[in-house]
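**Student:** If you want the building blocks of each chain, they are given just below.
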Amino acid sequence: QQPVQSPQAVILREGEDAVINCSSSKALYSVHWYRQKHGEAPVFLMILLKGGEQKGHDKISASFNEKKQQSSLYLTASQLSYSGTYFCGTEIFGYGQNFVFGPGTRLSVLP
Amino acid sequence: EAGVVQSPRYKIIEKKQPVAFWCNPISGHNTLYWYLQNLGQGPELLIRYENEEAVDDSQLPKDRFSAERLKGVDSTLKIQPAELGDSAVYLCASSYSGDTQYFGPGTRLTVL
Numbered sequence: 008q009q010p011v012q013s014p015q016a017v018i019l020r021e022g023e024d025a026v027i028n029c030s031s032s033k034a035l036y037s038v039h040w041y042r043q044k045h046g047e048a049p050v051f052l053m054i055l056l057k058g059g060e061q062k063g064h065d066k067i068s069a070s071f072n073e074k075k076q077q078s079s080l081y082l083t084a085s086q087l088s089y090s091g092t093y094f095c096g097t098e099i100f101g102y103g104q105n106f107v108f109g110p111g112t113r114l115s116v117l118p
Numbered sequence: 006e007a008g009v010v011q012s013p014r015y016k017i018i019e020k021k022q023p024v025a026f027w028c029n030p031i032s033g034h035n036t037l038y039w040y041l042q043n044l045g046q047g048p049e050l051l052i053r054y055e056n057e058e059a060v061d062d063s064q065l066p067k068d069r070f071s072a073e074r075l076k077g078v079d080s081t082l083k084i085q086p087a088e089l090g091d092s093a094v095y096l097c098a099s100s101y102s103g104d105t106q107y108f109g110p111g112t113r114l115t116v117l
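Residue numbers (the numbering used here), protein chains in the order written: chain A, 8 to 118; chain B, 6 to 117.
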C-alpha cells in the first residue's frame, strides 16, 4: 500500500516550476508532504485532509484529489534551497494509523 | 522548544553484536514512531506507540528487534544480534495523536 510518486527525479534551473505527484490505490484520509535534505531528517511541509482545501505557503502549495486518490505538490519559482528529496506520506484512517511514506522524488535546483 | 532527540548519532558495530538506540520525543507528544531508512528510499515504519502501548509493530522483525517506551515518554530500540543488512539510518519521530510528525536527526548504523 505504499503510495507511488512521480517523477523519481527532476532537475530544474532556479526560478523554474515543478510538480510532484503522489497516488495511492487506497481511499485516503490524508496526504502529508515532507522534504529531506541530504544527511538530515525529513521536515514537514504540509498536510492535506480529506474534504479539505488546497494548501500552501510562500511558493509551495499542494492539492488533494479525493476521487483519484492523488495529491500534487507545486513548487513555483524554485529556489536553490528547494533542493532535496520530497516524500509524500499517506493515511487511510487518520490518527497516524497505516501511515506509509512514498519512495521519494529527488529535486535538484541548479543556479 | 526542544525537538526530538536521538542518540547516538552514529554507531559502527560488527555483525552479531547488539546495539541500542534512544529517542526522547517532543514534550507532550503521545505518539512515537521508529522508522528505518535505507539510502535513496523513504522511511519505513518499524513500530508506532500511543503513550506506552505499541499499537503497530507489524513491520518490526521481532526475532532480532525489540522496542520499549516505558512511562510513555522516551523510547529505546534494540537489535540483537545485528546483521549486515541492518545498516541504515534509524529515525525517531513524534506527534500529538497522529498529527504532524517531527523527526529527530536519526542514528546512522553501520554493521561490519
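Some hints could be false.
[Claimed, not checked] List of simulated lysine-lysine pairs, DSBU-like, C-alpha gap at most 30 Å: (1) K67(B) / K16(B); (2) K66(A) / K44(A); (3) K21(B) / K67(B); (4) K83(B) / K66(A); (5) K75(A) / K33(A); (6) K44(A) / K83(B); (7) K33(A) / K21(B).
Don't read these hints as lab results, they were simulated from the structure.
**Student:** Could you run down the list of hints and mark each one as holding or not?
**Tutor:** Verification of the supplied hints:
The hinted pair formed by K67(B) and K16(B) meets the criterion: a straight-line CA distance of about 21 Å does not exceed 30 Å. A distance of roughly 18 Å separates the Cα atoms of K66(A) and K44(A); the hinted pair therefore holds under the 30 Å criterion. Proximity of K21(B) to K67(B) is assessed by CA-CA distance (about 16 Å); at most 30 Å being required, the pair is judged to hold. Taking the CA atoms of K83(B) and K66(A), the gap is near 41 Å; set against the 30 Å cutoff, the hint is violated.
With a CA separation close to 10 Å, the supplied pair K75(A) and K33(A) stays within the 30 Å bound. Simply put, K44(A) and K83(B) have alpha-carbon atoms about 27 Å apart, close enough for the 30 Å limit, and the pair holds. With a C-alpha separation of about 39 Å, the suggested pairing of K33(A) with K21(B) is violated against the 30 Å cut-off.
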